[in-house]
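Undergrad: Given next are the chains, with one letter for each unit.
2 protein chains.
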Amino acid sequence: MTNLEKMGQNGQRAAFELGQLGTQRKNNALLNMANALVMNTDKIIEANKEDIANAKKNGIKEAMIDRLLLTPDRINDMSDGLRQVMDLPDPIGKVDRGWETVSGLDITQERVPLGVIGMIYEARPNVTVDAAGLCFKAGNAVILRGGKEAINSNIVLSETLRSALKDSNINPDAIQLIDDVSHETAQKMMELTEYIDVLIPRGSGKFIKMVVNKAKVPIIETGAGNCHIYVDKDADLEKALKIIINAKVQRPSVCNAAEKVILHKDVANKFLPKLFAALQANNVEVRGDTLAKAIVPEIVPATPEDWGTEYDDYIIAIKIVDSLDDAIKHINKYNTKHSESIITENYSASRKFMKQIDAAVVYSNASTRFTDGQQFGFGAEIGISTQKLHARGPMGANELTTTKYLVQGDGQIRH
Amino acid sequence: MTNLEKMGQNGQRAAFELGQLGTQRKNNALLNMANALVMNTDKIIEANKEDIANAKKNGIKEAMIDRLLLTPDRINDMSDGLRQVMDLPDPIGKVDRGWETVSGLDITQERVPLGVIGMIYEARPNVTVDAAGLCFKAGNAVILRGGKEAINSNIVLSETLRSALKDSNINPDAIQLIDDVSHETAQKMMELTEYIDVLIPRGSGKFIKMVVNKAKVPIIETGAGNCHIYVDKDADLEKALKIIINAKVQRPSVCNAAEKVILHKDVANKFLPKLFAALQANNVEVRGDTLAKAIVPEIVPATPEDWGTEYDDYIIAIKIVDSLDDAIKHINKYNTKHSESIITENYSASRKFMKQIDAAVVYSNASTRFTDGQQFGFGAEIGISTQKLHARGPMGANELTTTKYLVQGDGQIRH
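Residue numbers (the numbering used here), protein chains in the order written: chain A, -16 to 398; chain B, -16 to 398.
Mixed in with the good hints there might be a few duds.
For chains that are exact copies, the list does not tell them apart, and a pair is met inside one copy or across any two.
[Unchecked claim] The calculated lysine-lysine pairs, modelled on DSS-like cross-linking and capped at a C-alpha distance of 27 angstroms, are:
hint : residue 1 : residue 2
1    : LYS131    : LYS32
2    : LYS77     : LYS253
3    : LYS216    : LYS32
4    : LYS192    : LYS171
5    : LYS40     : LYS199
6    : LYS26     : LYS197
7    : LYS316    : LYS171
8    : LYS32     : LYS335
9    : LYS(-11)  : LYS44
10   : LYS222    : LYS26
11   : LYS197    : LYS39
12   : LYS(-11)  : LYS248
13   : LYS199    : LYS257
14   : LYS171    : LYS197
15   : LYS257    : LYS40
16   : LYS131    : LYS253
17   : LYS316    : LYS77
18   : LYS39     : LYS253
19   : LYS(-11)  : LYS197
20   : LYS(-11)  : LYS253
21   : LYS316    : LYS335
22   : LYS149    : LYS312
Just so you know, these hints were derived from the structure itself, not from any lab.
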């Protein structure tokens, strides 16, 4: 069994060193990591072939195998990702605020690394590189625990990154992979409160729920997305159609894809047949409540469970409501606090929706697909936080930091 | 058994309404609450007398009974506390940042309430009022669960606040008290993830550890403070003496009191006898390592456990080190990430200590006793966070908020 305590101690030591490195040396190391990936393409693909062969042997379905697959192009993409992280501003050392107190103390609140970050994730081996790069940029050591399907790829990828750290004269324990993929080790990792400052799970909604339930280490919950688009009575219906199709179809498997459409009754008769046709033309199964079915009989009846379900697939469910207030109430009840959008040309309706919807990101007249670190301009992301503590929405390097108060005095005591 | 789900639902409904109230109405309600406390002084003291009588009957020790005791003066203090919270700036609606993306979306990141906050705490009934006021100011509903020793006081205090909310035409479920003090109900509260957004425990280190271990709701850990003062070889020894005595003696029972002194060997011979005498004169038991005992034989030998122990009492332990690096290593190993101070006139030593110590607050030449919401200028605090997620150090109204991204477009879809 893997010695997690030892890994934890090594991680803490590396994190301490990393916290003192400075931007230049971190960026040099990121460049070395990026180059090392490309130079080791053959070795990485060889290891990946083993994973692919095992996956086929175990009857894993085609879509999953595609997620597992590494090609020279995909390795190049991971390498480019590290270069982009290198180009990001360094969040460490930034002073958020500062002031002098009545007792004459000078206080500054400065950004510092979180320390040791645990990443626990499912199949895709690119998470190994993406997470390692972003955690490193923010001065954190990372302990990675990927899925067993990608274990051979993950071992070679992490070894490649560690060699690059060694070549950069940096403690390679800044990036550690748990190569024991047993459930016992995963459970132990989730309880390693003494060494891991925060645990970030990446994967399916089911996987994340499992981690949230079992972990003792503080967690940042990511990814569950039951996103709604509300078409108001004063919507520009052309915009609405374009946005719904984009939000559902452009990439249905991701968390910021739309899963539900809420229609104001005043536009339902006119808009629903068009919407239905467009969704059908894009191979989307359309479910709906009885009011929707009354307008378009081909609609599949939605069950009560539908309203809380994230399909991640070519399926959408449509509900018709009497008012904006009903739409807000329904969305706040069933959403996963991820991303919600209103389509309207009405100023007051937009303002009310933006104020009253409880979610990480609330849109007016735009596709929910923009909830993404790249699209937000953060450069890269470690995930989309759907919790309210610490970080909410797309998490970039800045969200992988905490703060420290530095207080300078000249002998002050408290009276 | 208390119907916690029902309380959770009522809390969520109240939180939604509270989030839309605006500063003026919240401040009016806070004023009404402050007045109601004073007007109900007799009733509050009557209920408190029951708690005091029970405590005496149960043989609870004098210091604890003093914490439980409410007097007209103390009720006035609580009332003044609410008035101070009223005068604080409202954190809700503040825009932290905003920008336009390449796709022409306007993004603002705005401060919004956390939602429903759970407070679980031990004896002192003033926490009921302090916590309710600060949570309310930040637009949050609060569910309070105080210790059984203060239950009669807590019931009357919370009812008084709820009446004031009703009189202010505000949903009284913004402040709810769990009046069932059984362990089962506490455990159920700690698992109420569907309704409580964050749980804040207040009390002894042991109590907080218990909550951290048992809770499923995300927690903000507060309060454990094994604080160090390091006296550098280049310290101004007069400042050092004054600061150590202040940090240890001014109020030994609190988390920002100093528990350890780390002495550089070059000043130990000269400084330790003076320090020992001053500590003795203040009735402080002085423990120390063998090097310290060699200089002052009256020092009690410290055991290995001493270095990690928070005394909260008139006890201090002294360790002598060879270098600044050794001091930093020792502190980072044993501290609770609360508050640490270096006493030095040496610029580089100060800079290194401030950069390398891992704690919520790091001081140069000042008493650790300043780690406090009032002293920092936050007006009031809900506790001192010793964790790295979400908030670190003194937590005021601002730390009881989260953010929401508001994104405005005119039909943008993702390509």
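Undergrad: All hints are to be evaluated individually against the structure, with a verdict given for each.
TA: Now for the hints, and whether the structure bears them out:
no. : hint              : result
1   : LYS131 x LYS32    : within (14 angstroms within a copy, 62 angstroms between copies)
2   : LYS77 x LYS253    : neither (53 angstroms within a copy, 40 angstroms between copies)
3   : LYS216 x LYS32    : neither (54 angstroms within a copy, 60 angstroms between copies)
4   : LYS192 x LYS171   : both (17 angstroms within a copy, 19 angstroms between copies)
5   : LYS40 x LYS199    : neither (35 angstroms within a copy, 39 angstroms between copies)
6   : LYS26 x LYS197    : neither (35 angstroms within a copy, 46 angstroms between copies)
7   : LYS316 x LYS171   : between (35 angstroms within a copy, 22 angstroms between copies)
8   : LYS32 x LYS335    : neither (53 angstroms within a copy, 49 angstroms between copies)
9   : LYS(-11) x LYS44  : neither (37 angstroms within a copy, 44 angstroms between copies)
10  : LYS222 x LYS26    : neither (48 angstroms within a copy, 61 angstroms between copies)
11  : LYS197 x LYS39    : neither (30 angstroms within a copy, 42 angstroms between copies)
12  : LYS(-11) x LYS248 : neither (61 angstroms within a copy, 32 angstroms between copies)
13  : LYS199 x LYS257   : neither (49 angstroms within a copy, 46 angstroms between copies)
14  : LYS171 x LYS197   : both (10 angstroms within a copy, 17 angstroms between copies)
15  : LYS257 x LYS40    : neither (45 angstroms within a copy, 76 angstroms between copies)
16  : LYS131 x LYS253   : neither (50 angstroms within a copy, 61 angstroms between copies)
17  : LYS316 x LYS77    : between (38 angstroms within a copy, 26 angstroms between copies)
18  : LYS39 x LYS253    : neither (48 angstroms within a copy, 74 angstroms between copies)
19  : LYS(-11) x LYS197 : both (22 angstroms within a copy, 26 angstroms between copies)
20  : LYS(-11) x LYS253 : neither (65 angstroms within a copy, 41 angstroms between copies)
21  : LYS316 x LYS335   : within (17 angstroms within a copy, 50 angstroms between copies)
22  : LYS149 x LYS312   : between (55 angstroms within a copy, 24 angstroms between copies)
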